[in-house]
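*Asks:* Keeping their order, the protein sequence lines are chains S and Z. Here the first sequence is numbered in our numbering, starting from 21 and rising by one per residue. Here the second sequence is numbered in our numbering, starting from 21 and rising by one per residue.
To be clear, the hints were calculated from the coordinates, so they are not data collected in a lab. Honestly, I wouldn't trust all of these hints.
Unchecked claim - Just so you have them, the derived chain Z footprint on chain S, three or more residues with Cβ under 8 Å:
| hint | segment |
| --- | --- |
| 1 | 77-90 |
| 2 | 117-123 |
Unchecked claim - If you anchor each label on the Cβ, the simulated ranges turn out as follows:
| hint | chain 1 | residue 1 | chain 2 | residue 2 | range |
| --- | --- | --- | --- | --- | --- |
| 3 | S | L400 | Z | M150 | 48 to 56 Å |
| 4 | S | M150 | Z | A257 | 32 to 40 Å |
| 5 | Z | D267 | S | S337 | 24 to 32 Å |
| 6 | S | A140 | Z | G119 | 52 to 60 Å |
Just so you know, even glycine gets a beta-carbon here, dropped at the ideal spot from N, CA and C.
What follows is each chain in one-letter form.
There are 2 protein chains.
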Amino acid sequence: MITQVQTDIAGQKFQVLENDTFLRACFRQATDYTPVWLMRQAGRYLPEYCATRAQAGSFMGLATNVDFATEVTLQPLARYKLDAAILFSDILTVPDAMGLGLTFTQGEGPRFAKSVRDEAAVAELGVPDMNKLRYVFDSVSSIRRALNGRVPLIGFSGSPWTLACYMVEGAGSDDYRHVKSLMYSRPDLMHKILSINADSVALYLNEQIRAGAQAVMIFDSWGGVLADGAFQEFSMAYTARVLSQLDRSYAGAQIPRIVFTKGGGLWLKEMGGFDCDVLGLDWTMNLARARELVGGAVGGPGKALQGNIDPNVLFSSPLQIAEQVRRVLNSFGAPHTDTTQCGPTHIFNLGHGISQHTPPEHVSALVDTVHEHSRKMRSL
Amino acid sequence: MITQVQTDIAGQKFQVLENDTFLRACFRQATDYTPVWLMRQAGRYLPEYCATRAQAGSFMGLATNVDFATEVTLQPLARYKLDAAILFSDILTVPDAMGLGLTFTQGEGPRFAKSVRDEAAVAELGVPDMNKLRYVFDSVSSIRRALNGRVPLIGFSGSPWTLACYMVEGAGSDDYRHVKSLMYSRPDLMHKILSINADSVALYLNEQIRAGAQAVMIFDSWGGVLADGAFQEFSMAYTARVLSQLDRSYAGAQIPRIVFTKGGGLWLKEMGGFDCDVLGLDWTMNLARARELVGGAVGGPGKALQGNIDPNVLFSSPLQIAEQVRRVLNSFGAPHTDTTQCGPTHIFNLGHGISQHTPPEHVSALVDTVHEHSRKMRSL
């Protein structure tokens, strides 16, 4: 149904997709089983990732090197029967390209050399030259070639609001005091930052699409820290501004757009109005209720749903993991099986990134149970 | 209507309440204005608090000394026209009394000397001797006497789940990996911890009531980190177990019971089934929607609602604070004014504790605007 996804892009010959289950589920098409991938699936829980990172010297050394980025993106696919790959990169590459100076300190996460807290700092901000992000687009093309049609490749960025959180705080935060102070006391400056971020993210994702990304995802990791009202004004509106500028197809291939808002369950119905294909959910949301709110009916409009098992489930035994996976699949219920029209579909994922402390062998129990149990659910 | 709240308790003569607006709102009775108090209103943002804490030497030195605890509880009432006082203490006193050894390190928050992560550690746990918490009950009586009927005194505890988070992690956490690992891999042990916690918290709150607390509040600060399903099984069920054991009145006074779950908005309708009087809300919840879900109609059952402005609003200017306060009051809408029966009521509060960085003079803008604007809303 969506075989045109696998044609030439930007003059490069890409292999025809062997497994398009993920893309079909994104477009709410019937699939034989529920596809699965994991946020941060290429990461520190894998010893082979740690070995590559050690070679690279630093996180940014890893992320900016095309060969390393390609290598680590493919590592989890060698271990697990995942249905999609996701570009190895960071959500904060765009503000780094704006000149804020991104570094990662061991155990402390991302940090910017400059933070944006006053009128003068905001005045200096602008949409960055996309050539500064060439390393990302080169990685996308390299990974796409290395995948050789095995599974689709997802590109991504942080949302305008989530980028602003880090740009204003200068790092992660537990109270978002600085970014919220600016938002409440100088909403004009916050809107200016968010406008620049939205236009930058749209350009950035479109370049990833031209480089070979077969789906794009916007991570609103910190949307959930906002108050009702502020979320709509400072997060949703700018995610919508990104979506309105995204290419819906490239070189004959339709490109699904995924929006994930951590802690955004209370606004799910409103997010059902996004011009996107898939909504990602964290573990606090009941999937049956989400399906009812935005999943749509067979033949009607709606969003595919992605998520949402608690990553901490992976610390229990393989048998217990399988039980929790079945519980999450069952809470969504049987996806539709009508091959003539669209309907509710589920893409299995974690509700947030996988923990660095996860035993790698436990991930197989999750992935295999998703495939086995979701096939059974369709045959009942 | 509830003047019997202000009679003798435990042989002590307490002054008749001058301001029972908060208690009346808890019981969904009509009031002339919306009462307001602030979570962590006695705290580090007040220079007089910092001075007393310096005298006490440490947080626990402050909390365990009846005179100091009384002094700091009353400090915010000297500055602001607050409608309730809340016992100065910590949510973790109960596990401290179980022998886990609570300390507070500057800038890092609470830490237990022992953490509870295996069968042996769980086997050692038990409901603590309430005499070990005598300092809390003595503080309650002392504060009640010092208040001299000015406003009611709220007692409190952490919820069974929130206590368990700290008991298993040994401190705060950003991923709750240890407590969730135990929960997913050894649910039997987790249920045992939670049963002990629930019975301990119920005894503890009942003792606070006997000592003079005129309302009690259960803080489920970490309920919102749980997955749907797990929240109901590991948090809600044990909060309900506490509520079922609480004294509903003491010495002729009805004692309202408040449950606050940070990040619990998605489960608000289910929490409407709690045997309590008030539900506390954080800033992510739309108050109009909350009122519709659980606020009830005039003459019908329902919960009073408490909350929910983002504490970071207090970093903007007094004029901006006033605007945001009006916005929150308006989102709830006009409370009922029928003096012959119960109906929807709102108790103004923050959606979480006040930040230590708050400019103290900004708090007046919040408190005064709540009173002024909520009187106006009733006269429209």
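*Asks:* With reference to the structure, classify each hint as holding or not holding.
*Replies:* Each hint tested on the structure:
Under the rule that three or more residues need a Cβ within less than 8 Å of chain Z, the assignment of the segment 77-90 of chain S is violated, with 0 such residues. A count of 0 residues in the segment 117-123 of chain S with a Cβ less than 8 Å from any Cβ of chain Z is obtained; the coverage claim is therefore unmet, three being the minimum. For the pair L400 of chain S and M150 of chain Z, the supplied restraint of 48 to 56 Å holds, since their beta-carbon distance comes to about 54 Å. Separated by about 53 Å at the C-beta atoms, M150 of chain S and A257 of chain Z break the suggested range of 32 to 40 Å.
The beta-carbon spacing between D267 of chain Z and S337 of chain S, approximately 42 Å, falls outside the hinted interval of 24 to 32 Å. At roughly 55 Å, the beta-carbon separation of A140 of chain S and G119 of chain Z lies within the given 52 to 60 Å, and the hint holds.
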